[in-house]
Each structure stands twice: as structure tokens, then as C-alpha cells.
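Student: Listed in order, the protein sequences are those of chains A and B.
For what it's worth, the working numbering labels the leading residue of the first sequence as 4, then goes sequentially.
For what it's worth, the working numbering labels the leading residue of the second sequence as 4, then goes sequentially.
In case anyone wonders, no lab produced these hints; they're calculated from the structure.
It should be emphasised that the depicted structure is a prediction, and the values quoted were computed from it without experimental measurement.
It cannot be assumed that every hint is accurate.
Remember, identical chains collapse to one label, so a pair may be satisfied in a single copy or spanning two.
Derived lysine-lysine pairs resembling BS3-like cross-links, with alpha carbons at most 30 Å apart [as the list claims (entries may be wrong)]: (1) K241 / K28; (2) K407 / K370; (3) K370 / K116; (4) K241 / K407; (5) K370 / K270.
There are 2 protein chains.
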Amino acid sequence: MSERVVVIGGGGAGTAASTVAKRLKPSLRVTVFTEFEDIAYSPCGIPFVHGGEIPRFEDLFLSTVDRYVADGLDMRMETVVTDIDLDRGLITARNEHEGFDQLVICTGFTWEKPDVPGANLEGLHYVKNIRRAMEFDRLLDTVRTVAVIGASPLGVEMAGNLGRRGLDVSFVDEGSWVLGEVLDPDVAQPVHDSLQEHGVTLRLGTRVEAFLGDDHVRAVATSDGEIPCDVAIICLRKMANTALAQAAGLEVGTTGGLIVDERMRTKVDGVYAAGDVIEVPHGLTMLPIRGLTGSHAYAQGRTAAANIAGVDRVYDPVWIPWGLVAGDYVIGGFSVGETLAAAMGIPYVLATGVGVSRARYYPGARKTHVKLLAEPGSLRLIGGQIHGGEGVKERCDFLAFAAKRGATLEDLAWMENIYSPPIGALFEPIAIAAQNALADLAAATREPAQPARAVPA
Amino acid sequence: MSERVVVIGGGGAGTAASTVAKRLKPSLRVTVFTEFEDIAYSPCGIPFVHGGEIPRFEDLFLSTVDRYVADGLDMRMETVVTDIDLDRGLITARNEHEGFDQLVICTGFTWEKPDVPGANLEGLHYVKNIRRAMEFDRLLDTVRTVAVIGASPLGVEMAGNLGRRGLDVSFVDEGSWVLGEVLDPDVAQPVHDSLQEHGVTLRLGTRVEAFLGDDHVRAVATSDGEIPCDVAIICLRKMANTALAQAAGLEVGTTGGLIVDERMRTKVDGVYAAGDVIEVPHGLTMLPIRGLTGSHAYAQGRTAAANIAGVDRVYDPVWIPWGLVAGDYVIGGFSVGETLAAAMGIPYVLATGVGVSRARYYPGARKTHVKLLAEPGSLRLIGGQIHGGEGVKERCDFLAFAAKRGATLEDLAWMENIYSPPIGALFEPIAIAAQNALADLAAATREPAQPARAVPA
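This is chain A alone, in the form it adopts within the complex (with noise of 0.2 Å):
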């Protein structure tokens, strides 16, 4: 009899699961359950769908459910796995048995959601599954006034697209500035600027103290006072969805995500999980974290179905390169910028310049501001953040890529660059910064009674 292997979660890392689990290992038979009616789209697009950029919901599509089938998945759309059973290798959904050989549980997130009165009235709007986006894209268009709850990235597209839909946004954070668990205050401005622009009524350093209305919502009562909205848009964190994984005994660490190891692989045997439910290591302190991408959920469930095909494959600690658009404005970053570094105690050099995405005088280019962070004394890299217009994700990729693998300031200081007026300047924002940081200590070495511009060890 053939090998069964159990998919839970029709997300980025369950669709990598089974599909690869599949291609490497033909003679598996893989079934997938997903509560949802669709698969394979791509929720990260529902924001510029709102926004207007993307015309059409359907184009967020990449695949149907009918060309798992034809690759030969069991596909068990709009079943809700309600059991699993680690000792009798069986789940259970819509009161049935489904025996397993291997798992994995890909349940993704859920978002956090206030807890605060009023948080059940209608009018509270959570971004997740595209059938209910358009509805609610329906209802946008007979409404005017709109709060988005939470800085979050999520939160940051949607109040910039909404914005620049037309709607009156109020983006309603306690924080001081967006995204304040990750990105340095340096990295905000511009975004505040950017969403400011798109008519979004910035109301920082406000904590939500409940949601106001009889059944629907009507405003936010808050630390600042009331918010009057038609709805408001829930963008707090994103929750591992470990409920099912916890009641059959598996664990969590200190992030609310299960644990697994550098195969995806939980304590229990010939079960993996993979995606948002899990926390994997950070590669530069290797402490625990969780919350990445789409692509970091992409390649988990690549990882868990080579395991699962008998092909070995390691998961490496994570770098994070990270990237968005921000009302008009690019801004990313990889592994830690200051904000987080300062947190977590980690000391660093800093290197910061300013370059252009194309030669200056060209059409079309834009400032690129790059930061990084060095080790003190070796100079590798552990982390920066970039903001301008182009190429921000690209670098943002490359740098992840060579912190990861050992790089220094010196190293960048003198990369190669192409340069050619219409796509790369003369000086490589990324090797100015570099460049930078190396003269200021040089000056520190030379003249001690100046200090560069170095935060100690």
C-alpha cells in the first residue's frame, strides 16, 4: 500500500508540502485539507486590490483546485480537520478517520484580535481569505470613513491603499511610529510622510480602549479620544494557529510556535509542521522567532516534503530580508536594525550612506538609504535596513544573503557595481554606507578625541 501523507493547510507551506512531497515522490498519496473553498492565491495582493493597483480579485488567482487534482493531490477543500490523532496516526474531519504515515501541519496564523469591548461588533474586518475581501471590498465602496487598528505591515498597506482609494483613513497604533517592533524611527519618517500624503491621518501613540457602536461599529474610543468609523481593520499580529497541534501534545516555544526541528520535523515522529505555525531560528542569534513570509512558508513545506520523500534536507536559520510599500514609499531591511538590536542588547557599528538607484541626473532615480549594522571589531554584517524606490527589495535579498555567509563592511566597501545611467549609479548605495563607516573608524583609529560613529560594545 502506498505511503499517506496528511496535509493540513492549503497556505503557502501546505501547498509546497504536498505538491513537492508529490513531484519528488510520485508513489505517496497526498491529501490535503483546507478549510477554505479556494487554494493557491495569493493573500499578500488583497491590499493593492483595495487600493486599485491590482484590477481584480480574480487576477490574485495562480491556480485552481482542479490542477492539484489533475497532479494527483486529494484535495478536501472546505474541510475543517477538528482531531489529531498522534498515537493512532489518524485525523479526523467532518466526523470522519483519515489515517496518516506522515504529517504536516501547516495551520498557518490567526489574527490577534483586540481585547478590548466592543471587539465582536460587526463592522471589524480581519484581511485573511479572499471571498470575504470581496465583500468587503463591496462595502468599501459605500463608505467614507475607515480606522486601521495596528502599524502592523499589514496594517501599513492597508491604511496606504485605502488611503489612496479615497477613503478617510485613521491608522490608529500605540506605538510612536509604524512599525516600531522592527523599523528604526529614521526608516518611519518617510513612510509617515508617504502615507500622509495619501490623505491617512496618522494617530500614533493611541491606545484602542474599546470599539463603540450598538451592533455595528461606529468609532473607536481610544486613549486620544474617539474615532469615528464605518469600519475599522483589524492588523495586529499574526497568532501561530496551534490549537489543533496543542491538543494532540505537541509543543510550543517562547514565540507561540511549534517546534520543530532543522527537517520540520516535530518530536513525534513522521509528523512535521511548516509556515506560520512554527518558529525556526534566527540566524544571527539564533534565538526562535516566527511570523516570516510567504516564501519562508514556501520553503519550510519544501523542506518538510523532501524530508517526507527521503531526500535529506536542512532548513538554515533565517535572515529575514524584508521589504514593502508604504503609501508611495519602499522600505525594507534584513535580520535587525537598530530598534531591535538595541532591544535585544546586541552591540553594533553602524554604516549608513545615501546613493541613487540610477545615475543622478537620469529620469526616474531615486535616493536609496541604506544602513547597516556590523559586529564591532570584525565588521560582519548582522543586519540594515534601506528605504527609497527601487532595487530596495533586491539589495535587501543580497545583504541577507552575504550576512548570512560571513560578509564585512570592508567586503562591501569594495563589491562591484554596475554602473550605466538608466539602472545603476556610479556609487553603490550599499558600498557607500560601507565605505563610511570604514573612513569613520579609520578617523577614530587616527584621532581618538573623535569618536566615530560607532555605538560601543
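Here the structure of chain A is known, so what remains is to put chain B in place on it, guided by the hints.
Tutor: Same frame as chain A, but now just chain B:
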């Protein structure tokens, strides 16, 4: 008495050598000789002013002579150095001697002149000096047909830009495709398409036999018949401008460039050279190459300056990320492509893939074609070419850096990448190419009858 540094040449290498030396060691007396009226402008921008992409030639100036003087440099404009006396440590210019303790030769390149009858006719134009370019631009307003001779990088840029300007452009080259010495034919194809869309007539596989006319060129005689033209723009090879240095007894290498060591030192104590006049080792083959970019010239000038100022600095072998816009299409690469690898007998495994620059459904997303070459067995990256739209430059910079540090296809297949619909797709194009190759290799291992896409070593 302060140490005297003489720099011959005011291009990228010369300005870097002089300004950086003075900055690192202010006690130096630094004198710069240039035959031209101007300094610190971007010659690489000239084609794009001709094409109307950049409004004015004045935009190309980055600094002024006065600024260099204010920084303490002794600027000798429009002053041709006619002799170097290495024994006595002096140069001759305008029949006067100037002593030096250290010398930096940054005499750059001259364009190869066609070795055919009529090469001295009027109407043959070489793109180099900005004042000549300004005159030529006014002339272009009065002409209709242009022959661009030589499908070099400059030739491609000139043909595309003059086509965009609405001129009737014949683009003549002996090779079967543009940039035939370095570009792979599959990457050339979209370049051909884009140039033709800009109204450029490709005359490839066509040898120039003479320039015809009485005083002024009226046609190019070729192996494929006469091509009428009002002007001809010569875009052949960049030849190292070594006449002065060779007359002084300095040696040139196999490429025709001056020989220097990794500190930019010639064989003569205190005599350095940098920029387009020298040859440097290729990181993969360690064979000397020359004719790199302005950013390479600048870095070499900085290297010479550091060593002159007493800061020990080594210039590493180069991995040469390169890129340019051809018509509307962006191409690039690093190290070697298939054409060069085949010509040099370098065995390689091929990794190819096509991704997108943003989420597939996001407006502005462009296909990104990636081809990587890796060493058989180790799968260490040895070269590649990328084409498409946005992100080509940043990816080629990244890959040159990664190849220099020994990254493998395995590393790239599992690189982390930013997934955010407006700036990056779920799957990074580089990772797609690497994954494809690994899948092919794995299939070949499992089923030896089916060859993978590997070129046997």
C-alpha cells in the same frame, strides 16, 4: 618639502586617485593633468542625452574644476602630458617639466579606428568628449540617416537612443548578434527585438569595407552592399591609451593594457596606473582583462590613492557585473556567459529559469530571465546572464559578489527572498534558475539514461 603626486588623466580613475589621495593625506601636493576643458562629468550619459531621455548635457556634470581646486588639487586643464621621464621623475607638458615623487597614469582609452579606406572622412564621429557631443547633438538635428558601426555596449546604447530620437539608424556589425564577444545569443534576441521596435535596422553579419564620400561620409560600403548615411558613429573596441606609458618604458600585457600589481603599482617604484589603461585579473580565470566600467576605474584609482597615502590596499580580481539598456530592454551579467565559457573551454553546468520582478499580477511586473553557469561537481557559481526589466543591475551585482565568495547553486536555490507583491514575487528568479538545475541534476542521477542540462566537464 611636501611629497609631489602627479596624476595624468581626469576620468574616473584620475579623479578618484587625486581626490582620494589628497583626502587621505592632506600633506600631499597633488597635480592633475588633463587634455580636456572639463572634469567630473559622466560620459556614460551621453547616448541618453542624444536620445532625449536626459534633457540637457549640462545635467551630466557632477562637479566643477573650481571645486577640485578648492579641495586643494592643482588642476592643469587642457594640458597634454607629452613625456614621462621615469629616471628623473618628471613629466613634460607644454614644454615644461614637472617633478613627481609618485605618479599615477590614468590615460584611459581611445576608440579603435576602422582599418578601412575612408576612415578619415568627415562625418565619422566618436563618442567621448562632452563638448564634441554637444556639437554632434546639434548636427543630429540636421541629419536623417545614421550608421552605427560596432555592436559594442556603446553601439547598442547609441543605436537604441538614436532610434528613439526618430533617426533612420543602420546598426552594422560583423557578428551574428549584438555584443557578440560576451553576450549569449538567447540574451541577444530580445535586444534585437527591442532595437527593431525603436526603428533600428540591424545589419548583422556585415563587414565594413570602406567609408564612401568626397570630404564627408555619404555611405558605408559593406560585405552586404552600400548603406547610405549622413553620419557614422564608430563604436568599436576601447583600446588602452598606453602610448605615453610605453614610450616611457612601461610594459603592456596580452590585452594591450598596462601591467600593474594588485596595488596598482607598475614595475617602477612610485609609478601607479589605474582605469581603462590597465589590465586586471579576472576572478574566475585569473587571466588579464580590461575595458571595464567607470565604477571599476574609480575603485582602481582609490586603490592607487590608498597605497600612495600609505594605507595598504589591495584590489581584488574582478567578477565584473555588467548591465545596460538596449532599446527598452535591460540585459546584464557577470563573469562569463556561455559564449565566453565555450570560447575559453571552461566546463559548466547550466541553470536557467524565468521569474517575475513583482508578483505576476502586479502592474509593471516584468519577466526576469536568469541563466547561471556553475562549476561541474562543486556547483560553484562561475558566471551568468540576466535579462528583463527592473532588478537586473542589482541581481548581477549580487551574483558577482556571491560568485567571488564561492556561493553554489545550492546556496542560491535556498536563498531567502522578499515576497511583497509590488516589489518582489513569491519565487526569486535567481532561486528558480538554481532550483531548476538542481532538479535536473537530481533527475539525471536517478535516471542516468536521461541527461540533465549539464555540459559535460
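Student: Evaluate each hint against the coordinates.
Tutor: Going through the hints against the structure:
Taking identical chains as interchangeable, the C-alpha atoms of K241 and K28 are never at most 30 Å apart, the minima being 33 Å within one chain and 54 Å between chains. For the homomeric pair K407 and K370, the shortest alpha-carbon distances inside one copy (26 Å) and between copies (28 Å) are both at most 30 Å. In this assembly of identical chains, K370 and K116 lie within 30 Å of each other by CA distance neither inside one copy nor across copies; the values are 38 Å within and 39 Å between. In the homo-oligomer, the alpha carbons of K241 and K407 lie at most 30 Å apart inside one protomer (26 Å), although the nearest pairing across protomers, at 39 Å, exceeds that limit.
When the C-alpha separation of K370 and K270 is checked against a cutoff of 30 Å, the pair qualifies neither within a copy, at 49 Å, nor between copies, at 42 Å.
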